[in-house]
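Given the coordinates of chain U, assemble chain Y onto it according to the supplied hints.
As you go down the protein sequences, you meet chains U and Y in turn.
Going letter by letter, the first sequence gives residues 16 to 344 in our numbering.
Going letter by letter, the second sequence gives residues 40 to 281 in our numbering.
There could be a bad hint or two in this list.
Stated by the list, open to error - Between beta-carbon pairs, the in silico distance windows are:
| no. | chain 1 | residue 1 | chain 2 | residue 2 | range |
| --- | --- | --- | --- | --- | --- |
| 1 | Y | Gly-84 | U | Val-177 | 36 to 42 Å |
| 2 | U | Arg-172 | Y | Leu-74 | 51 to 57 Å |
| 3 | Y | Phe-98 | U | Gly-120 | 51 to 57 Å |
| 4 | Y | Lys-75 | U | Leu-60 | 41 to 47 Å |
| 5 | U | Arg-77 | Y | Val-99 | 21 to 27 Å |
| 6 | U | Leu-54 | Y | Leu-74 | 26 to 32 Å |
| 7 | U | Thr-74 | Y | Tyr-79 | 42 to 48 Å |
| 8 | Y | Val-99 | U | Gly-120 | 22 to 28 Å |
| 9 | Y | Ala-90 | U | Thr-311 | 19 to 25 Å |
| 10 | U | Gly-176 | Y | Val-91 | 39 to 45 Å |
Said to hold, decoys possible - Cβ-to-Cβ under 7 Å is the rule here; a few derived chain Y residues that face chain U:
| no. | residue |
| --- | --- |
| 11 | Leu-74 |
| 12 | Arg-78 |
| 13 | Tyr-79 |
| 14 | Ser-80 |
| 15 | Val-82 |
| 16 | Ile-83 |
| 17 | Thr-101 |
Quick caveat, the hints were computed from the structure, so don't treat them as lab data.
Virtual Cβ for every residue (Gly too), placed ideally from N, Cα, C.
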Amino acid sequence: PHLDVNQLFNPHREPPWQTMNTTLVTQSDCPDVKVPIFLFFTIGLASLAENVLVVVAVTCNRNLHSPMYYFICSLAAFNTIASLTKTCENLMITFADVGHLEKKGPSETKLDDVMDCLLCMSFLGSISSFLAIAVDRYITIFHALRYHNIMTMQRTRAILGVIWITCGMSAISMVTFFASTFIMICFVSFFIISLVIICFLYVYMFMLARIHARKIAALPSSGGRNCHHQQRWGSSMRGALTLTILFGAFMVCWGPFFLHLIIIMVCPTNPYCECYRSLFQLHMVLLMSHALIDPTIYAFRSPELRETFKKMLCWPTTCDRVRWFNTHT
Amino acid sequence: MSDFHNRSRSSAGPGDYVWQYEYYDDEEPVSFEGLKAHRYSIVIGFWVGLAVFVIFMFFVLTLLTKTGAPHPENPDSAEKRHRPGSCVVDSDVPQGENDKAFSRPLLAESRSYFHFYINEEDKGEGRQRLDEKRLGKHFGAEAQLGGCKGRKGTSSSGMDPMEDDAEEAGDRHPLNELLEEGKSDRKCPFLSHFTIPNFVNFPEHSSTLGEDLPYEPSVTLEHQSHSQDARCDIHRGSFYEG
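The following block holds chain U by itself, in its conformation from the complex:
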């Protein structure tokens, strides 16, 4: 089966045969579920605003120039590219529907290829950034004393450079050679391997933290009874909840899209698979909403970053620009 990346990334672009005489084609019992385009616009613009804010905050505040924040910034940059590209694509589609643009013109298809390339790159980059953040946290916890030697700023920049270049090259090759199922298999297996590694790293960190907590509670002089059991349990619940949200959001948002890719490869003509494929636009909405959720999971968790946001947006209660500039510049 021939795979078409334009069909994949442009849920609103109908296949040509649908614009023609539809009686020629058997109506399927699972019609494509259409998501209104304004929802795509809303999600795209909101995630664009959030992620641009994160990128600007990390670049402008020199206190945030550390490996952890560089990785978060890279994630936000990839999400920005994804949101921007999707919004532009929606704009193009709207114009094309209205009639200002020609759908199949050469420049439009070229522009379309470029946008698909950017989307691919941002997807790959997001996953790589998640992996980098997880590894960075792992090193912070398990090699704390040597962290500053292991994760120097030069290495961070090198890692980020490698990530960006690899994602760019992979995206270009994916869009160019999309017909080959090998590329698709690579994409899907990259996702699954990253998911497994991230899962393992976080659960391992969680388990070690729990073991430490138990040890500390068991210290004879610490008076474990004074460290209220309820307090400990409360924070453990918080930790479990945080991890669950992290993974849950990742899998809920990315899973359906990748299952779609797998289904395209594995069972294109199966009716059950057809019904799954008909929900493609919903899955794209989920994917875009992950760019919206990411800053709340990663970036906004840090008080320093939140302070920077408040000062950038100058909320009345914390508007302290003069002191901020004095201490930060």
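Relative to the frame of chain U, chain Y by itself:
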């Protein structure tokens, strides 16, 4: 890459055009006859499976926190586990001129820090107090350095996973140790020292030590009363939360 190819095969003969669309389901429309299960069974199955997995993961994580009598690990094995990453003092710790003053406490204290942490059964009260005093000084120095980042989220790179209030408490508590050595409050004596992220950031900010020192203590003195419980939270709101 175009969507479909208008394949007019001139080789097929003059005026004999063959239109072909490259979509996978054009020539064989998917037939929905005789489906045994519901049409959307894959969709339903996928979402149910995903929900079950997420809930299962959540319960596994919470069970990990609740189960167990704390089974004290063999101190030697635990020590070995921690040693490669943490107790080994790096010979190439960055030795800027500002760092020299603080690298010696690091070299001297890191080993005792983790030895103390792991070999809790062996240490008596006296050694404990001595270690805590030394660690308090050490961490006090760390916190001053760490506190230069505008007082909040100082050790951001390592503390990002930590809970917000735990992080703010984490900024203040080491200075409490510095100011009040031998505190009688032994509620969570070691929790206050388990501030890994403070280690992480010190080489960067050693140069700005002097500026923030004058007003650091006043900030901590205000929050002394809140530090007791907050210190317990430091560790319990542990690293990965966030």
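Those earlier numbered hints the structure runs against, lowest number first: Going through the list in order, the structure violates hints 5, 8, 16 and respects the others.
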